[in-house]
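Peer 1: Residue numbers (full-length UniProt numbering), protein chains in the order written: chain A, 1 to 324; chain B, 1 to 324; chain C, 1 to 324; chain D, 1 to 324; chain E, 1 to 324; chain F, 1 to 324.
No lab work stands behind these hints, which were simulated from the structure alone. By construction, the Cβ of each residue, glycine as well, lies at the ideal position given by its N, Cα and C atoms. Please note: incorrect hints may appear among the correct ones.
[Unchecked claim] List time: in silico BS3-like cross-link candidates among lysine-lysine, alpha-carbon distance up to 30 Å: (1) Lys52/C <-> Lys294/B; (2) Lys43/B <-> Lys52/C; (3) Lys294/D <-> Lys43/F; (4) Lys294/C <-> Lys43/B.
[Claimed, not checked] Here are a few chain B residues that face chain E, going by a calculated C-beta distance under 10 Å: (5) Pro229; (6) Arg235; (7) Arg238.
Number of protein chains: 6
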Amino acid sequence: MALFDLPLDELREYRSVRPEPDGFDDFWAGTLSWARRAALPPKVHEVATPLKGITSYDVTFSGFAGQPVRAWLNRPAAATGPLPVVVEFIGYGGGRGLPIDWLVWASAGYAHLVMDTRGQGGSWRGGDTPDPDDSGAGPSTPGFLTRGVLDPDTFYYRRLITDAVRAVETAAELPGADASRIVVTGGSQGGALALAAGGLVPDLVSAVVSKVPFLCDIRRAITITDSDPFHEVVRFLRVNPHVAERTLNTLDHVDSVNFARRITAPSILSAALMDAVCPPSGIFAAYHAIPAPKQIEVYEWDGHEGGRSRFDIAALEFVDDRLR
Amino acid sequence: MALFDLPLDELREYRSVRPEPDGFDDFWAGTLSWARRAALPPKVHEVATPLKGITSYDVTFSGFAGQPVRAWLNRPAAATGPLPVVVEFIGYGGGRGLPIDWLVWASAGYAHLVMDTRGQGGSWRGGDTPDPDDSGAGPSTPGFLTRGVLDPDTFYYRRLITDAVRAVETAAELPGADASRIVVTGGSQGGALALAAGGLVPDLVSAVVSKVPFLCDIRRAITITDSDPFHEVVRFLRVNPHVAERTLNTLDHVDSVNFARRITAPSILSAALMDAVCPPSGIFAAYHAIPAPKQIEVYEWDGHEGGRSRFDIAALEFVDDRLR
Amino acid sequence: MALFDLPLDELREYRSVRPEPDGFDDFWAGTLSWARRAALPPKVHEVATPLKGITSYDVTFSGFAGQPVRAWLNRPAAATGPLPVVVEFIGYGGGRGLPIDWLVWASAGYAHLVMDTRGQGGSWRGGDTPDPDDSGAGPSTPGFLTRGVLDPDTFYYRRLITDAVRAVETAAELPGADASRIVVTGGSQGGALALAAGGLVPDLVSAVVSKVPFLCDIRRAITITDSDPFHEVVRFLRVNPHVAERTLNTLDHVDSVNFARRITAPSILSAALMDAVCPPSGIFAAYHAIPAPKQIEVYEWDGHEGGRSRFDIAALEFVDDRLR
Amino acid sequence: MALFDLPLDELREYRSVRPEPDGFDDFWAGTLSWARRAALPPKVHEVATPLKGITSYDVTFSGFAGQPVRAWLNRPAAATGPLPVVVEFIGYGGGRGLPIDWLVWASAGYAHLVMDTRGQGGSWRGGDTPDPDDSGAGPSTPGFLTRGVLDPDTFYYRRLITDAVRAVETAAELPGADASRIVVTGGSQGGALALAAGGLVPDLVSAVVSKVPFLCDIRRAITITDSDPFHEVVRFLRVNPHVAERTLNTLDHVDSVNFARRITAPSILSAALMDAVCPPSGIFAAYHAIPAPKQIEVYEWDGHEGGRSRFDIAALEFVDDRLR
Amino acid sequence: MALFDLPLDELREYRSVRPEPDGFDDFWAGTLSWARRAALPPKVHEVATPLKGITSYDVTFSGFAGQPVRAWLNRPAAATGPLPVVVEFIGYGGGRGLPIDWLVWASAGYAHLVMDTRGQGGSWRGGDTPDPDDSGAGPSTPGFLTRGVLDPDTFYYRRLITDAVRAVETAAELPGADASRIVVTGGSQGGALALAAGGLVPDLVSAVVSKVPFLCDIRRAITITDSDPFHEVVRFLRVNPHVAERTLNTLDHVDSVNFARRITAPSILSAALMDAVCPPSGIFAAYHAIPAPKQIEVYEWDGHEGGRSRFDIAALEFVDDRLR
Amino acid sequence: MALFDLPLDELREYRSVRPEPDGFDDFWAGTLSWARRAALPPKVHEVATPLKGITSYDVTFSGFAGQPVRAWLNRPAAATGPLPVVVEFIGYGGGRGLPIDWLVWASAGYAHLVMDTRGQGGSWRGGDTPDPDDSGAGPSTPGFLTRGVLDPDTFYYRRLITDAVRAVETAAELPGADASRIVVTGGSQGGALALAAGGLVPDLVSAVVSKVPFLCDIRRAITITDSDPFHEVVRFLRVNPHVAERTLNTLDHVDSVNFARRITAPSILSAALMDAVCPPSGIFAAYHAIPAPKQIEVYEWDGHEGGRSRFDIAALEFVDDRLR
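Let the hints inform the model, and build the full structure from the sequences given.
Peer 2: Here it is, written out as structure tokens:
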């Protein structure tokens, strides 16, 4: 993909023009309150793996509406005292896979809680968490971005973002966790969830690591790229144009830009200039909205790879610095 | 697509080797019984359209587990007495759209009940029916073919096929319907639903019209084509190979071949030799399994178009003949 | 296709800068005069179909140079008195197909005359009308857009547009026609023919319905899209650049913008913002050129589908209003 | 394209099973007789080029029905006495281009007559010859392979093959030609025309050079490849299946296999095992049908390139040998 | 990719028919002997990373002709005594990247030596090792599979395979290595190198782990797939057919099947039935040729992913078992 | 490809903003001086071909570092006295092929020296020249544009451009050459080499013919197109971003714009407005930089074909004029 979005100097000035939807704070406060009321204590069971240096646990915690959500917890086998916890969210279509898929943060000395993605896990890595409240409100385009999109209350991402917040709250309660040092991280959809959690429970989050995040400045993004998953919205609106405004209003409720405005933790993001999946203008819009100390890694030549393990290292150093 | 499946003379001999799954009849009997117990009388409201020759009604009937399913009913405006009813099911991804999209059967003098497809309606024609019982059992690949596929009880097509059966039962109860002359029809996914309804409520169905039906001889189909939606199963199994047998067993419960064995009404099918979406070998397998009088239209040069309106005319003549 | 043409607010101001070619009126006056002199009375034969609510006729009328052109005429079976006539033209590559393909307007109470497209009918719906005067003047790129394009006199669209005008004149003479209420309609190529007929015989046309019309602002369109059929011109000019100006001058003679300037009937058009086949800027250029009452339906998310049956309904309502 | 047709050892045994159509000889005898009766002497004008070693002439001769067909004649500038003449036919979509495009045979000491292809010249090299008798009999798919295909009399290739025969007859009459040494050559469509001319006027042709020829064993070819131009037939039959047998019968009249059976001159052909445009089985079928001395160059790894200039050299050596 | 190679039951019987080239053992004995004579002791420097649980070293050892080759060595930070060493080779186009990219084996308690791939590192992960002896013998197709392919002596894979053998020999000499427990592993190109090393220095290798290996049964593979890198050979032969036999003979010298015949260590391989990059028939051919205890993991639905981390776990368990 | 670069009126004003790299002249002076010192006299052997009008020679001359480079020399067979020599360079991926591939200039009365391209000849036409000094400095992306790109000294194009200069110097020494009339020509990569030779040995070159030249304004080109070979740089930088500035600096050393500034011979270039392989803005940047008499042929509708033989004729006329 050649440069198709704004040039870098304009990106450095780009802000989203979209106001946040009415009742945004109330919507999320109510949703989270319900989830917390319905929550049970997490279940944590050690699982056997061939990894000697890392101890793995299968975690089940209460997510949206108290529904059970699965996660892996990996800890350095040699660790004894409380550890900072990195809560990781996964990209679109993937599930939590296996503990062996998640070695970076534990190898760097952190407890690492990897949240499964409800209903996903059928595209590139398996998953174990159903989406029991997929109330099926109305038609949807194959994929997850339009499931229940006719109303913020029934929208898939309402549930998933609530899971993400609850994962952070769970991380703070885990045995052996240092609740004062919680990090949220993820790439693409996972990066969007990191921004959302950072904005919804700012008091719990000590650092935000968001790699080429999805769901940024959605109304613009769907007009400048043909790549999925953003294009799912276009396909949906093509056959359901009479609900376009309702649909877009629902999407506003999960736009990363709106969560970014509420983040108070130091944050590191990445954007890639040739990334048609998560176009850089949206990411810059989210970045500029963060009122906390922040850093953005720009990959001039990357598509949606967004820096690969180079960004991981930048993130590890950023977090090591902030949490010291 | 060049000829990629068996040559025509081998198709004319091809039978599926797959036995039907244990408990097939019980599974469907239980499912249908539950739906019937939960059913309420259909609601039928006339709707205004610019069509003067056709009167349209918005119908809501009780489908799977009594859940409301929408449909359009189109009738010739001039008709007075009871009419035979053609129940139509829709292809993958489409919803019922608008009454104006469905003019053929009413123009030919039939009452025409077009069932909406729960949850679908986001790909090429809009829909109005949610899938409230999408219990979200486990991960799925974007699309509908793996939703809840880990268990026959939670599988999407259990619900959709039940809706189809209930649509037939509803058709028989509609005011102005001649309950002794019910036809089921559809193309692709709709053709699979027509075969399913024909096999599950054979006493109610007077003729089956199934155009390039989907879901035929599934275990073979997923290995000979890369086209969606069959390929959704492959993507799902790639990341969830540990549940392959469970998944395939669930799919056996909705394989058109198994329904075909139970059809007693005269049936007309079509197959297209260059159709990579619904490969012809599966359709011939279903065709050969039908123990009733039957006819198959073969389109040597077609892909998934499967004869277009030429098949519609063949179907109209077939039905006119049988229902006279 | 992401938004690739002008943004909507600029489309609302966009005008073509291209003057019409010298002798435009004389060219068409002479062509039509020849066709009229050579015309014989239309032949109209009822044909049997399985449709009970609609009576169908096979019509043969005299088109360009008096050459026979086929059409279907569908009428509500119950109609007795004179009816307004909707003359429909077909999209690129398609022929008139079968009477069963054309049910909307007859179901809405109109006589519906569907003109076959000379020489076409080999891409997506069959046809029955040869192009006997394809004098083969010079080389052409596969397709119809460059056949005989070296001279306006030998150009394929000279013949086809003349057929369209003659179809309108024929409609007014049909038994049971209300000659004071003739509507022209079509999508894509058919939409271009509707604009052409509306501009060439304005006295005969009571309403123009043109869905995502082709052939608008051609000189610009061929530089902003790679989609066929516009791209046929580019391929032709690549290998025949020495005749570029002749070719473009010929195309000017059939540019919808020039016909639009002569339309006096109320007109409804549609444009789709993601339509790379018939880019929206050209359609707005044509729309803005119409000096009569007019309306444009804009589909923000559509490609060349251009609103599908939603536009049909808008068109039916527009026509019902205007012809009342 | 991986190996998709028969393996080489089966190709070496492959024969077409298709009998030739009734009246094949009469059809061609009548056609050619008409063309000869209508023929005028060729016109030959020298044209200026920047080439000093080659003298170029613009030739116009009488083709099908006496219609004018253009050609270039290139001769070594230094030649004085009569020269053998190589008559070349061009691949699908291309025209004669410019004299500078045709240097091989003249550089090798031959007179080289390059026949333009009527109506073509819009895809990859320009042309100058119209197709004035394109009587437009019925619909066609964009391209040339279905133009007038409903009847052998109106089929495009009837006219083009007649032009090819007439080009050979013209070659023999050209000033400075050695009429006893006429060679026909071409690649793809041009290779088919070479086989046709070789079979239709065997007395005039001293050698046949046919590179990856088109139109071989057509009924099989259209079922084993999706590549154009063979796939044009499939698209045509999809929308016009009621005329499938008529269409195929017409194609039988131009099948290279039928012409090959009548060739008496020594012949060299090429086939490429990965050629999806002109699949090798058809070429072997034609090759095996030739009752004269023959040679086939097989390119194991090539697609439709078919040996490139390596084959040219093989052909030059073959011809030099035969004509010595 | 649908099933395109042999069905599974035939794969289970499939053997390569290709004899090994003359002088195979001498060729490799001479090559390795030269490399050993030119070898210097490896250099091992610790490098700083953010990983606390793993200690990383930058290793430089002597590969082909004594040329320096880079590698990463990762060891569990807590380990003290000698450890078994897993030597890993990388897939086509990738370099060694960063130490953080290689965490699995060290997390499982092994020393892990990751060999950089000379000259590669420009496609999906960066590298640091030049290919100083790329003598550039003759033309090549972009990629590495035809570099110097005209002669086994100049062929790129001669150098790379020698590097792989030398990496194994180096592993045995590393400080803290248990030289009696060396494992070779890799996927795709890396899997081919594992088989090669296993066959060339059988005395040093205790277990072979080869995931969807490349370079198996090459003469067949290049005819059944269009995917790169195998297709590079086809492109090369297309334009250089006169050297086909030399090229294929060179490739025989690196065919995994020939190395497999010499393996004495327990071996685990994987094959994926829909893998068009490394078709399963070749992998089964290599598997069947191994005269040692062996196991093959078959992934029925996978393409070139070949089991992902599921295979990693199978491999870890296999190795743990064998090395205990 | 629709118009994707600047519109024509802006192209006519476009200049590159990039300054040339420090030490540019010294870099090339040193490189050429080394090559000249290492040079041996060319070897020239006549080769047999089937061409009677052209005599062909296999030439081996000393290129970069004195390494042998192959070429064909074609001369009109009838020529006796000294002839002007046209030195031709070849497009990306192709080798010199066979003498029969190169007939235009000899047919026009010139001696024609066609330089083989070291290492290439694996994509579309075979070659015979190795690249013995491919020192393999660091990783590369498949292709030639990043081979040794980390340093100007090791870069592939340093060697190839030196070969081109040496080919010009060789041309002047050939028996039968008129050293005062040397022309350089080529298309795409060959066009870049023509500009480079024209700028590096301006005293030897009497005319420059450069068709859609490659390597123009590289830093911009790699951001506006996704087509190879420019996109090879992007792929390389994606995985090796830490060396981006080094890489781009190396590329500056071969940017055609910098050579264009040093050309003193009359020059003719071509640019094609829809050419995504060598975007027109870069070509205009090079064109505008030439301080000598110049002409640019603009092909409005062409992609990378860039005028085909029409440009050849323009070039022949331009050269005939200048060399008269």
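Peer 1: Against this structure, judge whether each hint is valid.
Peer 2: The hints, checked one at a time:
| no. | hint | in the structure |
| --- | --- | --- |
| 1 | Lys52/C <-> Lys294/B | holds, 25 Å |
| 2 | Lys43/B <-> Lys52/C | holds, 28 Å |
| 3 | Lys294/D <-> Lys43/F | violated, 40 Å |
| 4 | Lys294/C <-> Lys43/B | violated, 40 Å |
| 5 | Pro229 | violated, 14 Å |
| 6 | Arg235 | holds, 8 Å |
| 7 | Arg238 | holds, 5 Å |
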